[in-house]
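Trainee: Spelled out from the first residue to the last, the chains are:
Number of protein chains: 2
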Amino acid sequence: MLKRTSIKRPGTSAAKVISRLWLICLSLTLWACTEKVPNAVADPLPSWNEGAAKQTILTFVEAVTDSAATSYVPPQERIATFDNDGTLWAEKPLYFQFYFTMQRVRDLAPEHPDWKTRQPFKAVLENDGDYLSLITLPEIFQLIDATHTGITVTEFEKQVRAFLGSARHPRFQRLFTECVYQPMLELIEYLQANDFKVFICSGGGMDFIRQFSEEAYGIPRENVIGTAFITEFRMVDGHPELLRTGEFVKPLNDKEGKPVSIQRYIGRRPILAFGNSDGDIQMLQFAESSERPYLSLLLHHNDPEREFSYTGGTEKALEMAKEAGWTVVYVKEDFKVVFPFEVGKQEQ
Amino acid sequence: MLKRTSIKRPGTSAAKVISRLWLICLSLTLWACTEKVPNAVADPLPSWNEGAAKQTILTFVEAVTDSAATSYVPPQERIATFDNDGTLWAEKPLYFQFYFTMQRVRDLAPEHPDWKTRQPFKAVLENDGDYLSLITLPEIFQLIDATHTGITVTEFEKQVRAFLGSARHPRFQRLFTECVYQPMLELIEYLQANDFKVFICSGGGMDFIRQFSEEAYGIPRENVIGTAFITEFRMVDGHPELLRTGEFVKPLNDKEGKPVSIQRYIGRRPILAFGNSDGDIQMLQFAESSERPYLSLLLHHNDPEREFSYTGGTEKALEMAKEAGWTVVYVKEDFKVVFPFEVGKQEQ
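From first to last, the protein sequence lines stand for chains A and B.
If you're matching positions, the first sequence starts at 0 in numbering that gives the first Met the number 0 and goes up one per residue.
If you're matching positions, the second sequence starts at 0 in numbering that gives the first Met the number 0 and goes up one per residue.
Read the hints as simulated data drawn from the structure, not as lab findings.
For clarity, every value in this text was computed on a predicted model and none was experimentally measured.
Keep in mind that the hints are not guaranteed to be accurate.
Copies of the same chain are indistinguishable here, so a pair counts whether it falls within one copy or spans any two.
Said to hold, decoys possible - Pairs of lysine to aspartate or glutamate, EDC-like flavour, derived with a Cα cap of 20 Å: (1) Lys-249 to Glu-231; (2) Lys-254 to Glu-231; (3) Lys-254 to Glu-213; (4) Lys-321 to Asp-106; (5) Lys-254 to Asp-236; (6) Lys-254 to Glu-240; (7) Lys-115 to Asp-236; (8) Lys-344 to Asp-194.
All chains, full assembly: derive it from the sequences and hints.
Mentor: And the structure:
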């Protein structure tokens, strides 16, 4: 179909001929390079130890992407949802967003002299570990309300970015965005490379997570689902602004709220769901289907040396995993490397 | 860096050599093909007449994608939001979703003998045009509640698909999904090809639009924002189900609700917003920014011959367009072709 004359177009200069010759050489070398070399395929999950969990993931992804197999799932249906706290980044000693909340309380304290004598603000300002270790959920909501609402979305985003750019994890002395799990970064990238749409579905604040999801995980803002406040649209001096009210979007994005939000934000069930706690049970159930393949995964923290070890808040999920056949991933046994800042250390 | 020996690997058979020669020929032809041919770039918007609207769009897209220009906008921020009814598909004589609602009333009537004598159901069952032309908003919500809620998401989706696969537009006698605007299909594709993320932001039902957005517009389900009902998660016989309750997600996705939802679902302001009615004013305002380029567009229906002509419900938006300098797109003057089923007719 292509006429040879097309490469004899008039006006071809000597320089062009030379550059064409270079292109031919380049084509030849590239072609030689791309020739299949058996067993030389790069491991997409190098920070995962070989074992049942890694193999289950690889087998699943191969199964749903093999267009000749009955297990094939078309790209638009390849939805993967990940919990955030304790699944994509650490959640101990406290949820990272709570450190932001405490920072904001300290920042705002000068405007609220009564906080010096009023709990739970007093405990935050005095760094009263005994009080904070027993803080109640209504008290946490009181702190969140005082620090996360009544401001514009733009202001809030700026505050989150300032915090994430400076505050450090108390144990690892790293930015919180560095305390993400290296094996999960690889898994996200592997899934995206296989045309999965990867979403975060977190009980944490949606606008909080969106300030770092792209840089830290390669997950775009619009793929972050979380607990959110209702905002109000206003024109301020001719400029559009959204004010964060104190009213939560219903439902909170935890437990039964996770499948509800997944349906609302995505419009499809995930075929892969990854969580770590009792709050993720319904999301993992939501992925289950008799009509197409699915993979429900539960991360278990059992590595006090490199990270943390705990079962609190995950007991029911671990029980359910046995019953439902969910794949349990163990930090100690399955993660060759835990955090990105450890990559390369082993080789030294 | 590459050694020539890499193409002299032992075990190279005659067949391999021949296939390599073929590859060389292919490389050469491909390279010859990709040489730049001036003025041969295809028009990305062939169904748009040449004019101010088309030129404004082309200039805007070139400006935000030119990485050497100060007007450059990185891909993750290239968010475009489109209203649906009257912007992507027609909305006359009635909103298309209202035909679905009436169909569902007729389907469900045998289970509700009282509807025969109860308004507004009676008017739907008797096809009482006089009554329906004056139907009130509370009555519409009554019909929606009776037909859109109290069922599972799965059932609802099935009903929508059945309707869209069979019901026809009263004037054009085409499936409703064929009554989409050809120029808008081209614009969506053009934006996506330029790494825009294209979203629908509609006052209509989110789950309704999601049943055809991929096939009709090439817009994935998760990029559809609309008015939605709160659902409830339940395990039914060991299977996860979501039940559509009668409670709306706050706010309804119209007027001030549109920017609120855009922030909630996307987490970023659009740099291009396209609407057609007073319900889109706030979305178009939300795109405005002094910090980066933006384009706010308003479609005006002034073509009774090929489509419809009306100003009802768009008066304020047309007024605002003048004040704010929004680009008004006129169906009559700017659309060379209106519907996909007309494509090619002109040439016959």
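Trainee: Taking the hints in turn, state whether each one holds.
Mentor: Structure-based check of each hint:
1. Lys-249 to Glu-231: Both, since 16 Å and 11 Å are each at most 20 Å.
2. Lys-254 to Glu-231: The answer is between: 11 Å across copies meets 20 Å, while 27 Å in one copy does not.
3. Lys-254 to Glu-213: neither (25 Å within a copy, 30 Å between copies)
4. Lys-321 to Asp-106: Answer is neither; intra-copy 46 Å and inter-copy 44 Å both fail.
5. Lys-254 to Asp-236: between (41 Å within a copy, 19 Å between copies)
6. Lys-254 to Glu-240: This pair counts as between: shortest inter-copy Cα distance 14 Å, intra-copy 32 Å.
7. Lys-115 to Asp-236: neither (36 Å within a copy, 53 Å between copies)
8. Lys-344 to Asp-194: neither (32 Å within a copy, 38 Å between copies)
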